[in-house]
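Counting the sequence shown from 1 gives a position; the numbering used here is that position plus 182.
Incorrect hints may appear among the rest.
[Said to hold, decoys possible] Pairwise CB distance ranges, derived in the manner of DEER restraints: (1) A241 <-> P196: 14 to 20 Å; (2) D215 <-> D240: 18 to 24 Å; (3) P209 <-> D251: 21 to 27 Å; (4) K186 <-> H217: 33 to 39 Å.
[As the list claims (entries may be wrong)] List time: in silico EDC-like cross-link candidates among lysine to aspartate or glutamate, alpha-carbon distance up to 16 Å: (5) K188 <-> E216; (6) K195 <-> D233; (7) K195 <-> D215; (8) K190 <-> E237; (9) K190 <-> E232; (10) K188 <-> D224; (11) K190 <-> D224; (12) K186 <-> E225; (13) K190 <-> E216; (14) K213 <-> E225; (15) K213 <-> D224; (16) K195 <-> E225; (17) K188 <-> E232; (18) K195 <-> D223; (19) K190 <-> D215; (20) K190 <-> E210; (21) K186 <-> D240; (22) K188 <-> E225; (23) K188 <-> D233; (24) K186 <-> D215; (25) K195 <-> E216; (26) K190 <-> E229; (27) K190 <-> E250; (28) K190 <-> D251; (29) K186 <-> E237; (30) K186 <-> E229; (31) K186 <-> E250; (32) K188 <-> D251; (33) K213 <-> D223; (34) K186 <-> D223; (35) K213 <-> E237.
Derived from the structure by calculation, the hints contain no laboratory data.
Ideal Cβ placement from N, Cα and C applies to all residues, glycine included.
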Amino acid sequence: MSEKGKLKVVINKPACCGYGVCAEICPEVYKLDEHGIVYVDDEIVPEGLEDAAREGADACPQSALAVEDA
């Protein structure tokens, strides 16, 4: 069930090479595990962090992240 107006993060883990650019730009959304691979605590982007989440996804050199409507 989608939440109107909300955004969600989609991660392509095999594409992640652990650069960590996303986590530098938006640490409230993007986290890195012990191997440097990106994960999120919640795929739904918190209110007010939409622009930062998009910027973090767009900055990924491997295009491993996408932000889309939930």
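Quick rundown of the hints versus the structure:
1. A241 <-> P196: 14 to 20 Å: holds (19 Å)
2. D215 <-> D240: 18 to 24 Å: Since the Cβ atoms of D215 and D240 sit about 22 Å apart, the hinted range of 18 to 24 Å holds.
3. P209 <-> D251: 21 to 27 Å: holds (23 Å)
4. K186 <-> H217: 33 to 39 Å: holds (35 Å)
5. K188 <-> E216: Given that 16 Å is the threshold and the Cα spacing comes to 29 Å, the pair is violated.
6. K195 <-> D233: Roughly 22 Å separates the two Cα atoms, so the pair is violated.
7. K195 <-> D215: holds (11 Å)
8. K190 <-> E237: holds (14 Å)
9. K190 <-> E232: Judged against 16 Å, a Cα distance of about 9 Å means the pair holds.
10. K188 <-> D224: Roughly 12 Å separates the two Cα atoms, so the pair holds.
11. K190 <-> D224: Roughly 8 Å separates the two Cα atoms, so the pair holds.
12. K186 <-> E225: OK: K186 and E225 at ~14 Å, within 16 Å.
13. K190 <-> E216: Status violated; Cα separation ~23 Å.
14. K213 <-> E225: holds (12 Å)
15. K213 <-> D224: holds (11 Å)
16. K195 <-> E225: holds (14 Å)
17. K188 <-> E232: holds (9 Å)
18. K195 <-> D223: Roughly 14 Å between the alpha carbons, so the hint for K195 and D223 holds.
19. K190 <-> D215: Roughly 19 Å separates the two Cα atoms, so the pair is violated.
20. K190 <-> E210: Satisfied, since the Cα-Cα distance of roughly 14 Å is no more than 16 Å.
21. K186 <-> D240: violated (23 Å)
22. K188 <-> E225: holds (10 Å)
23. K188 <-> D233: It holds: about 12 Å lies between the C-alpha atoms, which stays within 16 Å.
24. K186 <-> D215: Violated, at about 30 Å.
25. K195 <-> E216: holds (14 Å)
26. K190 <-> E229: holds (11 Å)
27. K190 <-> E250: Satisfied, since the Cα-Cα distance of roughly 6 Å is no more than 16 Å.
28. K190 <-> D251: holds (6 Å)
29. K186 <-> E237: violated (21 Å)
30. K186 <-> E229: holds (12 Å)
31. K186 <-> E250: With a Cα-Cα distance of about 12 Å, the restraint between K186 and E250 holds, given a limit of 16 Å.
32. K188 <-> D251: holds (6 Å)
33. K213 <-> D223: holds (8 Å)
34. K186 <-> D223: At roughly 20 Å apart (the allowed maximum being 16 Å), D223 and K186 break the hint.
35. K213 <-> E237: holds (15 Å)
The earlier numbered hints that this structure contradicts are 5, 6, 13, 19, 21, 24, 29, 34.
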